[in-house]
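K.L.:
Mind assembling these two chains? They're in different frames, but the hints should get you there.
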Amino acid sequence: MPPSNEEVFEKVRTALVDALGVDDDEVQPESTIIGDLGAESIDFLDIVFRLEKSFGIEIPRSELTPEDVLTNPAYVQDGKVTPEGIAEIKRRMPFADLSKFEANPVVTEFGNLLTVNDLCRFVESKVQDR
Amino acid sequence: MRWMWIDRFLEFKRGKRAVAIKCVALTEEQIDNYCPGYPHMPNSLIVEGMAQTGGLLAGEVNQFLERVVLAKIGKVVFHDVARPGDTLRYTAEIQDLKPDGCILHVSSHIGDKLQAEVEMVLAHLDQRFEGVDLFEPADFLRMLRLFGVYDVGIDEQGQPLTPPPHMLAAEHAFNLTAP
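In order, the protein sequence lines correspond to chains L and P.
Each residue of the first sequence is one higher than the one before, counting from 74 in this note's numbering.
Each residue of the second sequence is one higher than the one before, counting from 233 in this note's numbering.
Note that these hints are calculated values from the structure, not bench results.
For clarity, every value in this text was computed on a predicted model and none was experimentally measured.
From the three backbone atoms N, C-alpha and C, an ideal C-beta is built for every residue, glycine too.
Among the clues, some could well be false.
Here are a few chain L residues that face chain P, going by a calculated C-beta distance under 10 Å [to be verified]:
hint, residue
1, Gly111
2, Glu113
3, Ser114
4, Arg134
Here are the simulated lysine to aspartate or glutamate pairs, EDC-like style, with alpha carbons at most 16 Å apart [to be verified]:
hint, chain 1, residue 1, chain 2, residue 2
5, P, Lys330, L, Glu125
6, P, Lys304, L, Asp91
7, P, Lys304, L, Glu113
Only chain P is shown next, with the shape it has when bound in the complex (with noise of 0.2 Å):
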């Protein structure tokens, strides 16, 4: 299983804003393991969306070169707790973007009700983490594809977005050597 903690963006614009779903169902593990009888989306888990919804804006600014990894939660407040057959909307929005990382307001809605809200802050892997890498190339651009990210992705000036050239090289090179 991939950590993958949202289902699809409905809005994402660069450097701005992005808004992605998460749907709760019956069928997840979590949901049901992680408090036997009363069966809730674990709050932990909800961070992550959203830290996963920020964390792809903050890093696609950089066409996905900076390694974002969710450094510091300022602040976070849960409303309500989300429920089997409840979708979760999670609204990302730069506060501030810095060569080193980046602050984010998040908030969580299932229908109109406001469910949480986080203030995080993200940062960039600077030369200390040197060699790591968070994600293979080809395997991320699949998992952007997948999150609909240049199916509603758009730019500064309203154009649609598109994978980066390292990142089509790399899935090229891929569907090569696949069997």
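Extracted from the complex, chain L is given alone in its bound form (with noise of 0.2 Å):
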């Protein structure tokens, strides 16, 4: 049986907080994970592996941070990301809300763009395809 939304919430709350030093609460939600959390780019690593163990899955890091979109100029164009660029992301993060990046897709705001909620519907996606 597949875990309920509070199970999937608490173990990615765990890996959070394991991996980035915050605290319980800090971890919320609508939390971004960057902005709010304060993750680097070499965080990542360790929250995957976390989810990884945690949940029995496998996670490609391209999934959950589409540098290669970010840093590619077809796809960015004046520091924003361009409209093909927005489609490859939302092809790669269907569990991702875009809708505020997409009012303003500056590169540099991506960051602030994945939320915990996003997260754990990232990892409810992987768990199905397990």
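P.N.:
Here is the structure:
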């Protein structure tokens, strides 16, 4: 039986607390992983490891952080992600709510996009595919 | 002085586990100077030795073609201090190995007693660090031999490890030009 939403959230919270050294109550569903919880690029390696271990899933890094899209000149113009780039990110990250980012798709703002809720949805989709 | 904070490997199993020792001696500057009147091995340098143990284990998996650096200490606990006369035994175990890095658990023992334990993340430098070389291959191979990697190292089938071809070529070229 797949884990409930609450079970997924608690395991994701534990992974983030352990990987980022934040307090339990700092990890809220709407918290952004980079902006609010202070994750840096290298932390995603740690977070992915903990999630894989905790849920018994495999997570290709490119599915969680599309850095290659954000650094690809074909998808970025004048520091903003093009509509083609947005479409590619949506394809890669169907679990993420991109509505705010679409309104102002500045590359440097992308870090503030991914929330704990997005991460939970991502994990749930991976657990279902298992 | 080279930045070497291990003395020798006792065990080296490709992609799995490595055990290295560091002998703590009163003649070492950092022991006496770090905390005058209370000679002991600084914890930061113990972590560096643990990272070197794990870093060489992780780097060997890719024939030392990836540039492996210590990126993050997730958790570290020190249970005791290391004093002159102690031998620290670092045991590094790879928890996860991915294209962009590696997660390790490394412990430090003095005899049978747990002295410290660390969870660390090692990263492979990517294209943003193009042209940054951490070691000259011949020099690196000399260090690996000094550490005994090829005396005790074994691969997945239990066969002895051998140096990667690019390092052997660099060593050969160096020997040809050496005075």
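K.L.:
With reference to the structure, classify each hint as holding or not holding.
P.N.:
Cross-check of the supplied hints:
no., hint, result
1, Gly111, "13 Å, violated"
2, Glu113, "8 Å, holds"
3, Ser114, "9 Å, holds"
4, Arg134, "6 Å, holds"
5, Lys330/P x Glu125/L, "12 Å, holds"
6, Lys304/P x Asp91/L, "13 Å, holds"
7, Lys304/P x Glu113/L, "10 Å, holds"
Of the numbered hints given earlier, the model fails hint 1 alone.
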